[in-house]
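Starting from the two chains in their separate frames, assemble the complex, guided by the hints.
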Amino acid sequence: MSDALLSVRDLSVEFTTYGRTQPVLHGVSLDVPARSHVALVGESGSGKTVTMKSIMGLLHMPPASISSGAILYDGRDLLTMPRRERLKLTGTDMSMVFQDPMSSLNPVFTIADQMSTILKYADRRLGRSRSRRERMQRVLEVLAQVRMREPERVARSYPIMLSGGMRQRVLIAMALLSEPRLLIADEPGTALDVTTQAQILKLLKDLVEERGLALLMITHNLGVVRETSDYVYVMHKGVVVEEAPTAELFAAPKVAYTRALIDAVPRLTGARPAERTEAAP
Amino acid sequence: MNARQSPLLEVVDLVKTFPIAGAFGGRAGEMTAVDHVSFSIRRGGVYGLAGESGSGKSTIARMIMGLFQPTGGDVLLSGANITGTLGTRAHSRQVQMVFQNPGSSLNPRRTIGQSIAVPLEAHGHPRADRRRRISELLDMVQLPASFADRYPHELSGGQKQRVAIARALAVAPQLVVLDEPTSALDVSVQARVIELLTSLGRQLDLTYLFISHDLSLMRNFADEVGVLYRGRIVESGPTARVFEQPEHDYTRLLIASVPVISAEEEALRPTIPLIDGEIPTAEKLLALRESQRATEVPKRT
Numbered sequence: 001m002s003d004a005l006l007s008v009r010d011l012s013v014e015f016t017t018y019g020r021t022q023p024v025l026h027g028v029s030l031d032v033p034a035r036s037h038v039a040l041v042g043e044s045g046s047g048k049t050v051t052m053k054s055i056m057g058l059l060h061m062p063p064a065s066i067s068s069g070a071i072l073y074d075g076r077d078l079l080t081m082p083r084r085e086r087l088k089l090t091g092t093d094m095s096m097v098f099q100d101p102m103s104s105l106n107p108v109f110t111i112a113d114q115m116s117t118i119l120k121y122a123d124r125r126l127g128r129s130r131s132r133r134e135r136m137q138r139v140l141e142v143l144a145q146v147r148m149r150e151p152e153r154v155a156r157s158y159p160i161m162l163s164g165g166m167r168q169r170v171l172i173a174m175a176l177l178s179e180p181r182l183l184i185a186d187e188p189g190t191a192l193d194v195t196t197q198a199q200i201l202k203l204l205k206d207l208v209e210e211r212g213l214a215l216l217m218i219t220h221n222l223g224v225v226r227e228t229s230d231y232v233y234v235m236h237k238g239v240v241v242e243e244a245p246t247a248e249l250f251a252a253p254k255v256a257y258t259r260a261l262i263d264a265v266p267r268l269t270g271a272r273p274a275e276r277t278e279a280a281p
Numbered sequence: 001m002n003a004r005q006s007p008l009l010e011v012v013d014l015v016k017t018f019p020i021a022g023a024f025g026g027r028a029g030e031m032t033a034v035d036h037v038s039f040s041i042r043r044g045g046v047y048g049l050a051g052e053s054g055s056g057k058s059t060i061a062r063m064i065m066g067l068f069q070p071t072g073g074d075v076l077l078s079g080a081n082i083t084g085t086l087g088t089r090a091h092s093r094q095v096q097m098v099f100q101n102p103g104s105s106l107n108p109r110r111t112i113g114q115s116i117a118v119p120l121e122a123h124g125h126p127r128a129d130r131r132r133r134i135s136e137l138l139d140m141v142q143l144p145a146s147f148a149d150r151y152p153h154e155l156s157g158g159q160k161q162r163v164a165i166a167r168a169l170a171v172a173p174q175l176v177v178l179d180e181p182t183s184a185l186d187v188s189v190q191a192r193v194i195e196l197l198t199s200l201g202r203q204l205d206l207t208y209l210f211i212s213h214d215l216s217l218m219r220n221f222a223d224e225v226g227v228l229y230r231g232r233i234v235e236s237g238p239t240a241r242v243f244e245q246p247e248h249d250y251t252r253l254l255i256a257s258v259p260v261i262s263a264e265e266e267a268l269r270p271t272i273p274l275i276d277g278e279i280p281t282a283e284k285l286l287a288l289r290e291s292q293r294a295t296e297v298p299k300r301t
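Which chain is which? The protein sequence lines are B and A, in order. Going by full-length UniProt numbering, 153 is the number at position 153 of the first sequence; the sequence numbering is gapless. Going by full-length UniProt numbering, 37 is the number at position 37 of the second sequence; the sequence numbering is gapless.
Don't read these hints as lab results, they were simulated from the structure. Since this is a predicted model, take the numbers as computed values, not measurements. Hints are not guaranteed to be accurate.
Said to hold, decoys possible - Calculated cross-link-like contacts (lysine-lysine; reagent style DSSO-like; alpha-carbon spacing at most 27 angstroms):
hint, chain 1, residue 1, chain 2, residue 2
1, B, K53, B, K205
2, B, K88, B, K53
3, B, K202, B, K53
4, A, K284, B, K205
5, B, K88, B, K120
6, A, K284, B, K202
Okay, chain A solo, but in the shape it has when bound (with noise of 0.2 angstroms):
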């Protein structure tokens, strides 16, 4: 097997779950969140995780970046297990994030300049060549080296998020995890952000773990996708054939939800029985396929 084709990253199994609290201070069971989730991505591939809300979404993600412990299962990068050193120093040199609101993720008494010098300082970074790194990471994702000095405060949304694009490569990680990037974003700034992130990931050889909400989107951009739904991934393949034949039902609900502005997307919707004329939700699909199930011969559709 060459190097180009051995996955990057590997999860294997992954479970998390957290106490829920019950009353003076004791706990009242558990939850999980991420239930035995598995999958693998491609060195220099884009794999996509769509759920909803609750879905684990964001929770794989940070046990990824190391800022939750998993609570089973093992992580996988090049091959080697890394989930004792998961937020670890050396690990944060492979592994790095992008966060969803860039107003918040930077912070605003520190100028551009001095927030990305902050992984350089942590990883060691010649203190001499600091400035020109900078300038060059401004200059990959398309920013003028001056806003170095300048504060978030005097950015548009666009080019905050491009900040934490260099941020998040400053150490030249070899995995980014994009946890939904854009969804602060007005749609033609999200069409640029997305168009440089593709670019960057073929010239630096990136691995992108894509978390998102955004179907549409996640067709677009990555080329293997996870579906899941309450901690478990339902449905898994490369995008375009997960979009156009979708085997669960709960990807064929997401797919028919999703507002679409041609008719040829309208085509590719799949049709989801009405229940007592509403759209059902997921749920309810799935407790009626299941009774489907129990009572007709099965049958694939």
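Bound conformation, chain B alone (with noise of 0.2 angstroms):
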């Protein structure tokens, strides 16, 4: 058995729809480390959605349901614990950073109000408590840790108030509030421009680096595996087909699922793979 921080063990999840049954991910494992930093990468409908959903507890279970397997976190399974523990973990010591900061933020609260209720419902689900004031100003402390410039106004803002990368370094501090050991990022900077999506990733690297997180990186973007993890799992029909450490995976994909999915990304030099320049008419 593996010691790693977070373990997925052999997990099979289907979903159930008018009376159908159809398998979604096909014993699927994984393993992150304490202090490491893991990609999980797949196309659309590859199952890491799916995947981190079960981890973090998000399946509507019913139509999901999971047929085997088992989600190993510090050496208890999440699956089998009960649910009042679970959620002592979820939101808590692993955490997330959502990817769409246009919808994942509520408008009609400021950043603050958001922030607190967070933070609030986190320390009662651990039975702590603090007053308003010291809720407000851890608020305060993890936004200046996401390089706010200025915390205060930040916090009195409406999401709307902010630009994209902006509400993407909140949807960080959301995840950072409770310190957390886990971080799992889904897809973080995708709704953002080019040069806003660098900022993020350099953030969330220098975040976890400086923290010791565990950090889970799911995405589609070969180049953010590349950019932000050391150890690679990659996805596809709801199976790993392949895992390697980040530099060996580029350096030579043992799949030819892998070498296909490598192919296929646009160099920014221009040059193509041999494959592609005979296949071209």
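So, in structure tokens, the structure goes:
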């Protein structure tokens, strides 16, 4: 048994709709050791989001059901522990940076309101409490950690008053509120312009490095995989088809699917992989 | 000058301003979305307009399509000034567009055949020949003729985009405007659609205006690029030159920001000075350069 912080073991998930059962994940296994940076990459429909939702307990069951497997966090199975215990971990010790800053913030509350609500419920689940004032202090502290120059102003703002990049920073700050050990990032920055995305990725890398967090980056972008991870799992049709240290995967992909995926990425140098030039008419 | 080298499309000093709505239906001012943009595309060429959101790239496309009237400037097609006829039937016979999201640019209640028939009907293609022409078009985009009777929801994203390309080609246009044609697609599907566009371009002698925020894709597909920032082209030239020796700071920042997958690409990325340990925003970087230029002895890097 591995002693990874997060360990998904042989996870199978199926969806039942209108009486028909469709398997979606077929025995997915992956490990995220403490302080490691792991990426899970796949195209749409590969099962990477279902995997993430299973880990975070965000799957709607039904229609989804977990037919086999275990998700170990710190050696304890999230799937069999009581719900109450699980809720002490999700959103606190393991937390999530969501993809779309436009839709994951509530437009009618200020950033401070939303962040202190998150903190309040996280505290409650952990059986802690702090005063409104202490919560506000923590919110400002975390906003400063994501390199917001004027945390007070940002805290008072409504989401619409912030740029896309600032909103994404707020989402990162939200994930950091209760000092997690594991950060799961779902395509952060995909909704943003490339220059903003570069800033966000750099920020995420710096934060994870500084605080010794484990990072599970879920993405379809191989460039993001290369820039943010040391180890990578490639998913295709609900199966992990290949896993390798990131540098190795790009240098010598072993599986045909991975090779095809890497070859399909347009290069900044304009160079084309050999197969494609031959195939072109 | 022979016909091959003469530009098919020339855009001269194009300007578009939009009114900013004020209170009670009043006007609070104007914003300039496109600010004196000029470029030309040689016949059979692929011109790429690169820029981030708000740079004005889609506004330019829409003006060329006649979906917006330009506030100022001219559009020339094969040397003839067509600014006055933008958006007319005669114009749409020569210029067609492929939109970004094939999921929403195809009518869900029409079969693929019916969707492709729309431009044929509008341009008076003989009724008796339509069925044949539709099969021919589907064949051009490498889809089976039987797809004519299917509905968009039965098709994958890549297949839908092929249909959108077939529809754009129905009237045999000279210029095709591609507005982020693959940004909604998976990378492996994108590669095949781009291959298709390249081979169609060669086969049918098409000229493309390619609009994208994806610089790696632009590097591979366009032979000339213009980099847009806030409604202005800040740099333009042959693609290889712009990518290998970018001159403008904004172009350098854009290229440096692309996540890449090989050491060769990394070597190509210019280094950008960090401000407070962070990658600067475009505004900050340009402001920094501006102040450096003002204080230091002028020199080129």
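Here is what the structure says about each hint:
1. About 23 angstroms separates the Cα atoms of B/K53 and B/K205, which keeps this hinted pair within 27 angstroms; it holds.
2. With a C-alpha separation of about 17 angstroms, the suggested pairing of B/K88 with B/K53 holds against the 27 angstroms cut-off.
3. The hinted pair formed by B/K202 and B/K53 meets the criterion: a straight-line CA distance of about 25 angstroms does not exceed 27 angstroms.
4. Of the pairs offered as hints, the one joining A/K284 and B/K205 holds, with about 22 angstroms between alpha carbons and a cut-off of 27 angstroms not exceeded.
5. Only pairs whose Cα atoms come within 27 angstroms are accepted, and B/K88 paired with B/K120 is accepted, the gap being roughly 13 angstroms.
6. About 17 angstroms separates the Cα atoms of A/K284 and B/K202, which keeps this hinted pair within 27 angstroms; it holds.
Of the numbered hints listed earlier, not one is contradicted by the structure.
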